[in-house]
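Engineer: Each chain, written out:
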Amino acid sequence: MAASSQTAQGRLDLPARVVLSLAALAAAWLVLVPLAMLLFSAFRGPADFLPFEDGARWVTDNVARLYLNPGFFQRLLPDTAISVLGTVALTTMMAFTLAWAVERTDCPGRELIGVCVLFPMLVPVNVLAVAWIYLMGPNAGWINLAIRGALGLGGQGPVNVFSMAGLILCQSLALTPYMFLLLAPVLRTMNPSLEEASAASGAAPGTTFRRITLPILMPGILAPVILATIITLEQFELPLMIGLPARLNIFSYRIYQELNPADGLPNYGGAAAVSLSFLGIAAILLWLYNRAIRRADRFVTMTGKAYAQRRFALGRWRLPMLTFVAGYIALAAVLPAFVLIWTSFFGYIPPSAAALARFSAKAYQQLLADPRLLPALKNTLIVAVASAGIVTVLGALLGWIVVRTRLWFRGAVDFLSFLSIGIPSVIVGLAIMVFYLTVPVGLYGTVWILLVAYCYRLATTTRTARAGLLQIHQELEEASAASGAGWLTTQRRIVLPLLAPSLTAAFVLLFIVGLREFTIPLVLASDDNIVLSVLLWRLYQGGDPARTAALASLIVLAVLPAIFLLRRRLVPNAMKG
Amino acid sequence: MSRHESQPAIILAAAVTALSLLAALPARAQGWAEQPAARELYAKAKAEGEVVFWGTQAREVDWIPQAFGKAFPGINVKVVGDNNITTTAIAEARAGRNQLDVFWHSLTGVAALLDRDLIAANDWKMFGVTPENTEAQGRLGFTNNVVYAFMYNEKKADKALLPKTWNDVLKPELKDRMVASEFLMPRLSGALVFSMGHDEAMNFARGLRDKAGLLMTRAPREPIVQSGERVYSVAELDQQVRLWKSEGLDVGYVIPEPVTASQFVAAVLTKAPHPNAGRLLAGWLASDEGKAAREQAIFTADYRPGSKSAIARPLLESGVKIYFDDIRQVEQRNKYFKEAADILSGQMR
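Those protein sequence lines, which keep their order, are chains A and B. Residue 233 in the working numbering sits at position 202 of the first sequence; the count goes up by one each step and never skips. Residue 32 in the working numbering sits at position 23 of the second sequence; the count goes up by one each step and never skips.
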């Protein structure tokens, strides 16, 4: 790797050594505690004891019960593989198209599209699921009623949301914003000179895309693809709502089963045993990723030479592109938004003229009178902003260690930060709870314990920072150093501005993830650290759809403009032609 | 009993009448609460000033501060409604961080705390609670039940198809028309083992999977039933249907046989930081007054013999046998639930 090989450990100045060492230590601390708990729990039993209790002992039952079960190979693996591969493929296609439309073309309404795409991330999954069941339910789905009415058909279908195809579509709609956020900055910062040279040499657009654009973007695309794979493996809401009715059995359902036994204690050991698969898959994906990008100089597009970003004129493709974008936004944003707002005023009464008489703003009144609302809002903002900021900075530093240095621990840092994504959040919550109950440093029960727990997700920023750094030639940093600038000055004035789009995207993503996270704060909940997602979850679990939807509506109303402004302020050239 | 149909209008009217009568009573009954021992306990509880209560869901706990405060003013009630309370209670107890006073859960859900000696005995008699309504050597007081029901869309269902027994749910006419909660359906199937026997209960689960085209999901069932995507919902809780009905949804329910009921209990922690307030709150929840307040707030009923619940009366007067949870069956129930979950999800034949 040419770029990294030029900066040896010996050339780092003292501030660089201090900052990078602290970052590595913090990362190790944040990830090792939950990772150790995951490995520990997988081999502790029996199931009616918590892993750390006195009666628990070392067992292999958790692992054996899962991996020696014929159903694991006959049902669980095939269903999981099809679901994950299908979802990742469709998500990549949709997210890449949307990101390309927003960042590299003259598609109209780009700023609006860039914000609307994020909508599914902000809405509770149960609302998304209800919207898609209303639309694609085989008996009474609006699409099916329209098709059957038009063709004079009876019976069910033809569209069935409760199927593998339905699950893949719904998961992809929900996952596209994550990948969009990670792909957009990669496309935004790409130097088009190579594409222009290809075109000038007479290559057709398709050839240029296949032989120039795709290879250059490889690290930037691979990172989100890998993250999407793990997220799809881990998330269990849509498989339980949409997949289970189709008798699809996937990993995340097993985790859910282990954590929600009939009575008594969750089987953390069983859940951890399933999670070991995630760690294995994450390790393989990391190896593939490193293999794919081992010649980093192939991906450098930002050098000391200036370049001008030009947008691709869609021409006759404008209408198909707008149709695709409109279709996505209708399915992923408009319909869920309608269901969300309707539910907040009418509960789960289906839309009809007669139902309008039942209009009530009581849910909003109750919500605004709820004494938990303001503390939850304050805690949420503290934790989501601070954790996103810390993880973004840490991830950038870790990415720099991996790409630019030969420090002896860089491989371990890379491996550890990437594995963080394979640890289910419930295990993280349990690990943090047990650790800070055992080591009483006054964090338990406060909002700060949430901050520590949220910060374990280093994989996202490490990957994006790494992909971003691979596109920046080291000559820029060398020129800065040759002009007498220290390491910190060079990072602040050269690297950070160039990485800003990637890091902003990572920050926004982590902020939204922090906003939505409910498993960790639920496990660590106390009177003093309630956050909005816990309030939302408790309202939903308590069977109060109107107040749940009212709170979700308020969150969306507050966050969407914030993201809009954030993108404009922090990435001033993001969407300008 | 031929069929335990809710006949919602009649039931609701009866409930409203009964609740009006209950509301007319003094908030604190003239019985046990006026006895010297109870008055002394109240004085000590008031001196403690606060009580911390954990239950399984927000809706199950949010009504308590106001209702308890009306009966026993001067004690601040802090509540948490969450499914993780068992783990948190054990972990905190192990670390010596004792902040919880009263724990409320299903009879079997509290077993993990009993096993670890985290639950203290209470003098339930002081609150007018009979020994039949306590369990585990006086450490648990029964508060309420939920009964498994069959819910239907009142506008779109064919009432002739409503089941009298759980096996009637497998009628071919109901095929592809039913939804069920992935959480509740395996629990009902597992609980039916104690009335139907193992093989019949598991065949019931297989029938739902293979013949009935059951839509088992974690998605909310009420919009699915309301929209007509499915018209019936198996394994609902009677209380939940009453709540939805009160919120304006067009739903009703019947209770097929064998009638299966879950038992919920209140318990005081051994290291409760507010032991007197804890004992008073737990005792009040298990008393007739506490049960009536619960019924008024969230439509849950006590179906045990001797219950004064207006909601439970039609079922109790029908003389049908009700199969309640039994703490001695916890381990078996857990095993049967897992088996049923594997069958229903298709992981097991």
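The set of hints was computed from the structure by calculation and includes no laboratory data. Quick caveat: nothing in here was measured; it's all calculated off a predicted structure. Be a bit skeptical, because a hint or two may be false.
Claimed, not checked - Ranges between beta-carbon positions, derived for each pair:
#, chain 1, residue 1, chain 2, residue 2, range
1, B, Pro282, A, Thr469, 36 to 42 Å
2, A, Ala112, B, Ser204, 51 to 57 Å
3, A, Trp60, B, Asn85, 52 to 58 Å
4, A, Leu596, B, Glu59, 54 to 60 Å
5, A, Trp318, B, Arg106, 38 to 44 Å
6, B, Lys344, A, Leu350, 46 to 52 Å
7, A, Glu84, B, Ile336, 30 to 36 Å
8, B, Ile336, A, Leu63, 38 to 44 Å
9, B, Asp132, A, Ala112, 54 to 60 Å
10, B, Lys53, A, Ala385, 53 to 59 Å
11, B, Gly206, A, Ala112, 35 to 41 Å
Note that beta-carbon positions come from the ideal geometry of N, C-alpha and C, so glycine has one too.
Engineer: All hints are to be evaluated individually against the structure, with a verdict given for each.
Structural biologist: Structure-based check of all given hints:
1. B/Pro282 - A/Thr469: 36 to 42 Å: violated (20 Å)
2. A/Ala112 - B/Ser204: 51 to 57 Å: violated (41 Å)
3. A/Trp60 - B/Asn85: 52 to 58 Å: violated (38 Å)
4. A/Leu596 - B/Glu59: 54 to 60 Å: violated (43 Å)
5. A/Trp318 - B/Arg106: 38 to 44 Å: holds (43 Å)
6. B/Lys344 - A/Leu350: 46 to 52 Å: Check failed, 60 Å falls outside 46 to 52 Å.
7. A/Glu84 - B/Ile336: 30 to 36 Å: violated (21 Å)
8. B/Ile336 - A/Leu63: 38 to 44 Å: holds (41 Å)
9. B/Asp132 - A/Ala112: 54 to 60 Å: holds (59 Å)
10. B/Lys53 - A/Ala385: 53 to 59 Å: Since the Cβ atoms of B/Lys53 and A/Ala385 sit about 55 Å apart, the hinted range of 53 to 59 Å holds.
11. B/Gly206 - A/Ala112: 35 to 41 Å: Since B/Gly206 and A/Ala112 have Cβ atoms about 39 Å apart, the given range 35 to 41 Å holds.
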